[in-house]
Each structure stands twice: as structure tokens, then as C-alpha cells.
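Asker: Listed below are the residues making up each chain.
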Amino acid sequence: MLDRCLGARRVRKIHRFFRHAKVTCLCLVMTVVVLRGTIGAGKFGTPEQDFNEIRGHFVHRKRAEPHRVLKEVQSTFDISKIAVDEEPDDFKRDPNTPYTLGPGISDWDEQRGKWLKEHPNFPNFLRPNKPRVLLVTGSSPKPCENPVGDHYLLKSIKNKIDYCRLHGIELFYNMALLDAEMAGFWAKLPLIRKLLLSHPEVEFLWWMDSDAMFTDMAFEVPWERYKDHNFVMHGWDEMIYEQKNWIGLNTGSFLLRNCQWSLDMLDTWAPMGPKGKTRIEAGKLLTKELKDRPVFEADDQSAMVYILASQKEKWADKVYLENSYYLHGYWGILVDRYEEMIENYMPGLGDHRWPLVTHFVGCKPCGKFGDYSVERCFKQMDRAFNFGDNQILQMYGFTHKTLSSRRVKRIRNETSNPLEVKDELGLIHPAFKAVKVSSSHS
Amino acid sequence: MGQENFVTQKRTSSTLPTTTATVNGRASGGRSLPRGRQIQKTFNNIKITILCGFITILVLRGTIGVGNLGTSDATDQSLVEETNRILREIRSDSDPNDPDEAAETEINPNATFTLGPKITNWDQSRKNWLDSNPEFPSYVNGKARILLVTGSPPSPCDNPIGDHYLLKSIKNKIDYCRLHGIEIVYNMAHLDKELAGYWAKLPLIRRLMLSHPEVEWIWWMDSDALFTDMVFEIPASKYEKYNLVIHGYPDLLFNQKSWIAVNTGSFLFRNCQWSLDLLDAWAPMGPKGPIRDEAGKILTANLKGRPAFEADDQSALIYLLISEKDKWVEKVFLENSYYLHGYWAGLVDRYEEMIEKYHPGLGDDRWPFVTHFVGCKPCGSYGDYPVEKCLRSMERAFNFADNQVLKLYGFRHRGLLSPNIKRSRNETATPLVYVNQFDIRRTVHEGSGSQGH
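Chain order of the listed sequences is G and E.
Okay, so the first sequence: first residue is 22 according to our numbering, each after it adds one.
Okay, so the second sequence: first residue is 2 according to our numbering, each after it adds one.
Calculated directly from the structure, the hints in this document are not laboratory data.
These figures come from a predicted structure and were not determined experimentally.
Glycine is no exception: its CB is placed at the ideal position from the N, C-alpha and C atoms.
Keep in mind that the hints are not guaranteed to be accurate.
[Claimed, not checked] Beta-carbon label-pair distances, calculated as ranges:
| no. | chain 1 | residue 1 | chain 2 | residue 2 | range |
| --- | --- | --- | --- | --- | --- |
| 1 | E | Lys194 | G | Lys135 | 56 to 64 Å |
| 2 | G | Gln332 | E | Ser133 | 49 to 57 Å |
| 3 | G | Lys335 | E | Arg367 | 52 to 60 Å |
| 4 | G | Gly383 | E | Gly306 | 52 to 60 Å |
| 5 | E | Lys332 | G | Pro144 | 35 to 43 Å |
[Stated by the list, open to error] Derived pair list, reagent style BS3-like, types lysine-lysine, alpha-carbon separation capped at 30 Å:
| no. | chain 1 | residue 1 | chain 2 | residue 2 |
| --- | --- | --- | --- | --- |
| 6 | E | Lys423 | G | Lys296 |
| 7 | G | Lys296 | E | Lys408 |
| 8 | G | Lys457 | E | Lys332 |
| 9 | E | Lys119 | G | Lys443 |
| 10 | E | Lys328 | E | Lys305 |
| 11 | E | Lys390 | G | Lys43 |
| 12 | G | Lys151 | E | Lys128 |
| 13 | E | Lys239 | E | Lys144 |
| 14 | G | Lys335 | G | Lys309 |
| 15 | G | Lys43 | E | Lys242 |
With the rest of the complex left out, here is chain G:
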């Protein structure tokens, strides 16, 4: 009937057109499918993603297998039965106002100086080159998702207790989230500020991550080296100021002086932290500006690199990037060498020969498994712990049987004259723990 309207030839042309069009469409579809399969089409996904989705839909219980192991073990007790919020949090920040850590303080040095004069029994220096130091660390108030995570947190805090006892450092273990907006790695900022302001007698605040352990019990931080600096981090000047490398420094273990400069630094540091859009946008900026940074939300370490690199004139003269000893030591290059260190060196060096701190970056012992394999992480954490613990146990005449063993053995027999025996490292009564002999300060 169509040809009656248009003429037979026309009809044939139209039909041919449609035939060609169908073929073209078909080929187009095929091309898109193949391309999607190979190079992916971004938001529209890939066949592999589709497949996983479909598989997930129908076979979802299989997905949970690896995590079921963890859940099974924890099913003996459900923590949600007892962790109950009985009161609401009334404090809500107005999202339109910019984030601040607290009301601005501009005269902290004066306030603090006055307070120290009025309280001579809380001096900020215990001896001429020995400032009062507060080591701050912490973990979540909720049990770890990983059934052995809390055990490793316990070992880690024991390790810190031992070091701090030997070196006359006070310890603060935080289990409170002071500001919900600054959750995650940013939680240390409001905490540090709060502690600086509440403890004017503290001269240096030493933040240390919960996954970092002391492996040199005899090494004393060279405090006099930092008398003209306010912020000490492990890192390299070239990597920050020239390369802007996001791992040019590490904020897992650092020293911060209690002064106005530090409060200003914290205020400059904080704005990239608030959870949500701010943190995500800041993350994009940091990935763009810093070398080798992967794409993820803003973290405190990258933010610090960015601040130092972009505002060098303002901050750099008071920042000391320490690399002559391992104020932070990346575990990957250290843990396999412990036996070699024991054979060749002695504690007290603090550097690559006998690291002060072994930091298990990326292991995440408390959460679900992190960037490295379970076996390697936990086994190496045991070794690092024992490596440090041996230095404590040798004071009392014991040592671990091997670096992987929990058991201890005697290395020195009991004697009826215990005071004549000196421990090899001189850690029982070390010089850095001595009390000032003159009583003018008490």
C-alpha cells in the first residue's frame, strides 16, 4: 500500500534505507558492547560489574563467607546490647559557618607563661634539657571488628607504657571522639588542641598512632635539637618543598610544642578535615597538587604536606623534618631485619640500625583486613612487639624464646645480691629518668 502512495522505486529505496539502517544499528550496538567490555564506559559500568552485581544478587550469601569467619567468632556477644546512647548530642554546628576547632586564642603564650609562674610545682621542664612530654595515642571506644584487633591494641599500649615509664613521659590514651565532624584520621586535631589547652605544664605533645610501636627502648629523643622548633615530624625537606610528595612526611608520630604557633598551625590544618563534601573536595585538590597521591578523601598527612609546601615562608622555619632517626619507621623495610640488628647493633641508636619506632602503616589491625595480608601483618607485629619487649625483659633477666614466641626464658639466674647485678642496657635506672637532686623544684 505504501508503494501506491510513493511509487514502487521510492518504496524500494525506503526499504533499502531501512535495511541499511538496521544493519548500521546492529553494528553500532555490537561495537558499543565490545568497547564497554574492553575499556569500560565509566559510570555505565562494565559487563564484569554487571555480572558481579547479578551474581551478588542471587548468590549473596557466598559473598559473606570471608567475613562470616570474623562474625562467627564475635557472635558470642553482641556489643550493641550494652553500648547505648542514653542522651542525645545537643551540640550542632551551623553548616554555613566555616569549621573551627574552637574560639580563637591569640595570647596563649602569655596565658601559659603566667600560669607556669603561678604554679611552680608543675614545671614545664623536668631538668634543663628534659621538657615535660605527654604522649598521646588512642583507639575507638567500640570493640574491634577483627577478633584479635583489641589484643594487638593492648600489646601496643603495653609497649608505649614501657617506653614512657623508662623515659619519664606521661601517657594519655584517648577513647573519645571529641568532634563527630572530624572523625577518622582527623580526630587527633581537636584532641591535641584540647590537651594543649588543658595541660599548660606540658611542653611537648607527642602524638603516636595506635599501630606504631617502640622498638628502641634505650633511645632518648634529642630534645635540645628542637629548642628553636615547634613541630617535629619524620620526613625529608626535598620531598616536601621540592617534590610535594604526599609521603614526604608522616603524621603518625610527631612532636608539637605547646605554644601559640601550634594553635595557629592546628587552625590552619583543620579546614580540610570536616566530614562530607569539604573532605572530599579537599581530597581532590590534594590529589591534584601532590605527587603520587591516590584518589581518596583528604587525610591529615596530605593536608600537612600541602600546607608546608604552599605556605613555606610562614611555617617552615619552625618545622623540623627529622630523618636522622626513625621517629616514624615504615615497617615494611624494618621487620625482616630484626635478627640482623640483634647480631650487629645495640639499642640506643634509634635509626635504621635499631629503629626507635616501627609503624605498621596500612595494616589496620582493628578494622577488617587492610592493605597487607593478615599473616604478614600480625606475625610481624608480634615480632616487633617482642623485639621491643626483649629490651624490657632483659632488665629483669628474661627474654622471649624467639622473636615470634610469647614464651620467655631466663637469661640471668636469680642471685642473693640482686643490687650488684646491672642490666646490660642500663635501663633500670637510666640517666634520663633521674630526678633532680636539689629539691628546689619540689
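Go by the hints and put chain E onto chain G.
Answerer: Relative to the frame of chain G, chain E by itself:
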């Protein structure tokens, strides 16, 4: 391609009615195609369909990888097994790297157990040492140097939540000790194979006493005991004439001979010869095996209310104090004017009442110094009380104490069961006003200063 044929066919059929269809010579012709042609066409179609199907599968396989369907189960399973194995290994007490394990299990029951070579002149040795080492005095700022000793087993708890409460417990102790200038030793090593379990504290205390002559008092505290009064300070001046301070009741001890007359979960030992002698007299009931079992029977027979089980350090101490009363009791202070050890059951439900009526610093029934979760055993697989009640109570005690610490910082918990906090005070630009008001150390130090050196 098949489509094209189809189109062609359609075209053919649509052009059939007209007689002028001459474009496709093949398609023109009669009304119906010859049979052979039809069959050929069908085969063509099938061929092309199969070809297309084949190509589709190839393409899909290349992209999604259909072959993985078969192996995914296997990888998941192996992952599960690997995780299981590692967790089991971490949590087991056995040591794959321990060659001496088998050889050391032999104990000679005939040899008398000793904690170490006998020392008889410790008081003099210690005094000499202190005199020659004035930079390690036994009194700092007018206060006697105290060393708090606690500990837990080296392996993860059977119940994972147990480790979490061990962590909270040590944080609680860290807070108290920071506020009161006390050092902590956290022990995770079995120093003596024979004295395992609750007896492990004996060799540890002895070892620490002998290594640290500058320490005046050694304060043993169980891992399941929490500080609940952060302000209260031990009145050390009260104990000048005593060497052992332990929570207990004279009536229960001497008259009733009850096995819970004292509590060895929290006590103080002076660093002196007398203490070494007491430890030596205390230890013999401890060695694992037949000695401990036999001793358990003796204790059950002699102490009121004691169930039948192997000898524990508490019962043994009670027995020692009763049977050798003249030798020891003169120097033992049975403290019950404050809760050096506070049995949890009668205390935890009253925290709200305490908050309302009283204040920290009392240390006694009104605001207990220590809340001790006897019998809860959160680390083991089973305790004497229901798990939920125990853990809920421990959480409350922890938060009750933590509120006292957080007060300085202007926070408190959202309820005694909540791990989350809320502000109790707004931030200010002059924080030192609150520091002077709320810092516990201010009250403690000023108080002790006025008592004089």
C-alpha cells in the same frame, strides 16, 4: 546478517504482489520459492545464527570471564580457611617455634619450691643503694614512690570482647596513675612456669621489688579491677608501721576463717625484707600440679565456705595469716575504711545515686575507690556470672570513672552505658580558668603539700 536476509525476504514478500519487482533477481520469481532454495535459506540462517552466537560468547568471555563461575567457590573457601588458620594460630597458646616445650614440663615434686635464692639483708642493701643513688629517691615530692603492677595473659582472650575490656581497664589505670604520679608495669609474660595463673603475681612482685629499690610500695591490681574514684589518694601515711595493706575484715579472717576474708586483687606490699619473707612463705602452695591440688584440699578443709578447687593465692594467704598469726599479722593492715577492693555486685547499680548525692574523693561506699569485677572473667570462656550483666556493669564502671577524667576537658559520656561523649561545657578562649577548677592533680597536690613533707 541474518536480519538482512530476513529483510530481504520481507522485501521479497512485499514486492511479490507487483509484477515489476526486478531489483533482486534472485528474490523474484514465483509466489513461493522452490523447496531446495527454502531449505538452503534456512540453513544459511542457522549458520549465521550460530556464527553470531559464537562471536557473542567469545566477546562476553573476553570481557566478563564466564569461566570464573566455576572457580569462585574455591577461592572463597581457601580464603576462609586461611583466615581461620591464622586466627587459630594467633589465639592458641601453643608455640610452633618453641622447641623446649616438651622438655620443660617435668617438675620434681620432692624439691621444695623457692622463688629464688634466699635474701636476708634486703633492708640494709636497699638503704645502702638509696643512699648512694640520691637521684632515684624513694620519696618524690613528699610522696612515697608507688609502682602499680598489673597484667594479663600473653595470648588473645578466648572471648574477643575480653581483650576490649582489658584495653579499657588499662586505660582506666593509666588515667588514675597519671593523675597521681604512679608508674605502671603491665606484665604479659609468665616468669615462672610452675606459678602460672593467679600465682603468677608472686614471682613478678618479688622480681620488681629486687630490681627497683627506689620503689617504696608495690601495688598489685588485677586486670578486672577498675578505679572508680579518680580523686581519692591512698593515705600512705596511715601505713607507716605496716608492710602489707590489704582489703579485709578482722572478724571474717580470725574468727570465721572465711576464704573471702581478704582480697588479693588489690593490695600493697612495702619493699622490704618482711615482704620477701612473706612471699617465700606464701609461695609453696603455688606450684602447678599435685602440690597445688593437695594444697587446695587443705585449704578447703580449713577455710569456711571455700569450694573444692586447686589452691589459689587468696586462700593460701588467709591460711598463712591464720596459722602463723604471730609472725605476720602485726605488720598487716586490714583496710576496710575505703574500697581498696570493692566487690562490684553491690556497687554498680548505685552509680546514678552516687552521682546525685556524693562526689569523688571519698573512696568508700559512697563513692568506691576501686570496683573489682570478681568472678566475671571477661577474658575466659566462662565466668560465674552471666556475660551480659558483667560486661554491662564493666562498661558502666568504666564510664563512671571516665567521666571524672573527661570533666577537665569539658565532656562526659552520654549515659553510663554509652561509648560516645557530649559537651558539658562550651569552648572558651580562656581555658586556664577551668584547668584550675577541674584538674584533679591540683586538688591532690595542694592537699598533700599542706600535709607537709
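Asker: Next step is simple, just say for each hint if it's right about the structure.
Answerer: Here's how the hints hold up against the structure:
1. Lys194(E) / Lys135(G): 56 to 64 Å: For lysine 194(E) and lysine 135(G) the Cβ distance comes to about 58 Å; the hint holds.
2. Gln332(G) / Ser133(E): 49 to 57 Å: The hint (49 to 57 Å, Cβ to Cβ) holds, given that glutamine 332(G) and serine 133(E) are roughly 54 Å apart.
3. Lys335(G) / Arg367(E): 52 to 60 Å: 54 Å, holds
4. Gly383(G) / Gly306(E): 52 to 60 Å: About 54 Å separates the Cβ atoms of glycine 383(G) and glycine 306(E), which means 52 to 60 Å holds.
5. Lys332(E) / Pro144(G): 35 to 43 Å: 38 Å, holds
6. Lys423(E) / Lys296(G): 18 Å, holds
7. Lys296(G) / Lys408(E): Given that 30 Å is the threshold and the Cα spacing comes to 26 Å, the pair holds.
8. Lys457(G) / Lys332(E): 33 Å, violated
9. Lys119(E) / Lys443(G): At roughly 19 Å apart (the allowed maximum being 30 Å), lysine 443(G) and lysine 119(E) satisfy the hint.
10. Lys328(E) / Lys305(E): 22 Å, holds
11. Lys390(E) / Lys43(G): 73 Å, violated
12. Lys151(G) / Lys128(E): Cα-Cα ~28 Å, so holds.
13. Lys239(E) / Lys144(E): The given pair, whose Cα atoms are some 13 Å apart, holds under the 30 Å limit.
14. Lys335(G) / Lys309(G): Between lysine 335(G) and lysine 309(G) the Cα gap is close to 22 Å, so the pair holds against 30 Å.
15. Lys43(G) / Lys242(E): This hinted pair is violated, its Cα atoms lying about 106 Å apart.
The structure shown violates the earlier hints numbered 8, 11, 15.
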